[in-house]
Amino acid sequence: MTVSESNGVLNGKVQHTGASDSVRTDEEQPLLPGKVGYRTYKRRWYVLTVFSMACFLQAAVWNTWGPITQSAEVVFGWGDSQIGMLANWGNIAYIFTVFPACYFMDTKGLRVSFLACTALMLIGTGLRCITINPKYATWLMNLCAILNGIAGTVPFAGPAQVANTWFPPHQRTTATAILSIFNYGGVAMAFVIGPQLVSSPNYRNGTRPENFSTPLKRYPELTMETATHSSTNVSNSSQVLINLKHVEEDILHLMYYECAAAGLIFVCSLFMPSKPPTPPSVSASTTRVEYRKALMNIARNRAVWLISLAYALPAGVYGVWGAVIDVILKPVGIGQNEVGWIGFYSIMAGCVSGLAIGRFSDLFMRHMKLFLLVMFAMAGGSFVWFTLMCVSIIPLSTAQVYISNIIGGMSLNGAIPLFYELGAESAYPVSEGVTGGFLTWLNNLFGIMFLFMLQIPNIGTSWMNWTLVGSVAIGLFFLFVFPERYTRTDIDIHIEKAETDNPETTVVARHTVYENA
332 MTVSESNGVL NGKVQHTGAS DSVRTDEEQP LLPGKVGYRT YKRRWYVLTV
382 FSMACFLQAA VWNTWGPITQ SAEVVFGWGD SQIGMLANWG NIAYIFTVFP
432 ACYFMDTKGL RVSFLACTAL MLIGTGLRCI TINPKYATWL MNLCAILNGI
482 AGTVPFAGPA QVANTWFPPH QRTTATAILS IFNYGGVAMA FVIGPQLVSS
532 PNYRNGTRPE NFSTPLKRYP ELTMETATHS STNVSNSSQV LINLKHVEED
582 ILHLMYYECA AAGLIFVCSL FMPSKPPTPP SVSASTTRVE YRKALMNIAR
632 NRAVWLISLA YALPAGVYGV WGAVIDVILK PVGIGQNEVG WIGFYSIMAG
682 CVSGLAIGRF SDLFMRHMKL FLLVMFAMAG GSFVWFTLMC VSIIPLSTAQ
732 VYISNIIGGM SLNGAIPLFY ELGAESAYPV SEGVTGGFLT WLNNLFGIMF
782 LFMLQIPNIG TSWMNWTLVG SVAIGLFFLF VFPERYTRTD IDIHIEKAET
832 DNPETTVVAR HTVYENA
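By the working numbering, the letter at position 17 of the sequence shown is numbered 348, and the numbering carries on one by one without gaps.
These are calculated hints, taken from the structure and not from any lab test. There's no promise every hint is true.
Taking CB as the label site, the calculated pair distances span [what the hints assert, rightly or not]:
{"#": "1", "residue 1": "Glu621", "residue 2": "Ser728", "range": "55 to 61 Å"}
{"#": "2", "residue 1": "Ala591", "residue 2": "Thr729", "range": "32 to 38 Å"}
{"#": "3", "residue 1": "Ser605", "residue 2": "Gly801", "range": "40 to 46 Å"}
{"#": "4", "residue 1": "Ser723", "residue 2": "Asn789", "range": "17 to 23 Å"}
{"#": "5", "residue 1": "Met780", "residue 2": "Ala730", "range": "31 to 37 Å"}
{"#": "6", "residue 1": "Gln731", "residue 2": "Tyr377", "range": "42 to 48 Å"}
{"#": "7", "residue 1": "Gly666", "residue 2": "Cys599", "range": "35 to 41 Å"}
{"#": "8", "residue 1": "Ser793", "residue 2": "His501", "range": "54 to 60 Å"}
{"#": "9", "residue 1": "Leu701", "residue 2": "Tyr534", "range": "50 to 56 Å"}
We treat Cβ as the ideally placed atom computed from N, Cα and C, and that holds for glycine.
Throw the hints in and build the complete structure from the sequences for me.
Printed below as a string of structure tokens:
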């Protein structure tokens, strides 16, 4: 395997694409004659911003219904299983399309792939704006969930590839962390935006005629007085929803806002470049393994499997567990708005810690496994604490629910950028997009398995918490036996050092460094 197919020697000098004595950050200064340098471009921040916006919105759309479960159920006549399936459709669509999307990224480039995903997101969110009539809206919401799941392939699998394509080695983990936290930040903001924009159902005592086959929630105007005069067959006293029209309008407005945001991101993606004219590092300029061979390499790579399972099992379960936390906390008497803030603070804590740990890892390379072990231990302890409160072994209090969830989210979500980078390091020279696709494919697969359990009648909610605790424990085991290595980073460091020490380094020497790494 060579560093670049275009490397060569001319007049005793090294001639190649992407080699330099140092990383350049000034895109306007010309290079010295006869040399091509590794450069970073200011436009990388535009790419990072647009990609982050797409990660944010795709995750927010995926988590639209969990935070407003109670409102959605009364408007559309759904049950908890339907709320779970709306999140699950996105995961199912993802696992069937992520590998074709990774192939598309490898062959057509990031820009075209990303543009296709933002277009699908716009179409999906637009479909939800057509009607609020439950007869048709349920189908449109499910269709949007599928399209949004497909649209998530590049934003969810691509952070490590974007970071490697546009950012130098000392900024790669930070860039990956930023993209990752915007993905989970979208989930977090959905917990705030949804309950703030959509009113909770309000009830008052009343009765309804027994010959009304449609559920009571579809007749908010019915009161005890009208029921008594409208029918001789009157049931026992029950609750009557009094603000159905208001809740319907709020949900429709939420659909409009998300569609408008998708339109803005689609327009911004039209101006996003595919790749920089000159790569930012040696590894970014390297010809990667062909797509089918890359999949075979991953399938045979024990280290990749270990780090992928350590990431995907707890992250996949926690991602969907958080999406249905309203279902989990409803039986213990915590309301929709309170649940929204719990979800928001816990995921935002993960975003902040992910960015901090990512930057710290850039400054202190080769310690990612240690960081992950500490964070997983903290996550496991916090989720055990939360579970014991839910089963009444420990007295439940709102403050403790907040604290345990914040520590768990900070630890588990904060670890995700490091998993992306360790996966890319272990799989190199397989493309970061393919590796990210494999990690997130497993993530969604475990999420699907978790959500399908909600379809079992009368299964309850306590199993969800114990499953989360078990997934963290298993992930910790896989992490312990994972053989930590930094193939990609070693190549960048060795070649940059060789060029600094000896600017006349020959192509043969450069190839030898790569092959031995």
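Hint check:
1. Taken as a hint, the range 55 to 61 Å holds for the pair glutamate 621 and serine 728, whose Cβ atoms sit roughly 56 Å apart.
2. Between alanine 591 and threonine 729 the C-beta distance comes to about 35 Å, which sits within the given range of 32 to 38 Å.
3. At roughly 42 Å, the beta carbons of serine 605 and glycine 801 sit within the given window of 40 to 46 Å.
4. As the Cβ distance of serine 723 to asparagine 789 is approximately 20 Å, the hint placing it in 17 to 23 Å holds.
5. For the pair methionine 780 and alanine 730, the beta carbons lie near 33 Å from each other, so the given range of 31 to 37 Å is met.
6. The hinted window of 42 to 48 Å between glutamine 731 and tyrosine 377 holds, with their beta carbons roughly 43 Å apart.
7. Between glycine 666 and cysteine 599 the beta carbons are some 37 Å apart, a value that agrees with the proposed interval 35 to 41 Å.
8. Separation of serine 793 from histidine 501 is about 46 Å and departs from the stated range, judged on CB atoms against 54 to 60 Å.
9. Separation of leucine 701 from tyrosine 534 is about 52 Å and conforms to the stated range, judged on CB atoms against 50 to 56 Å.
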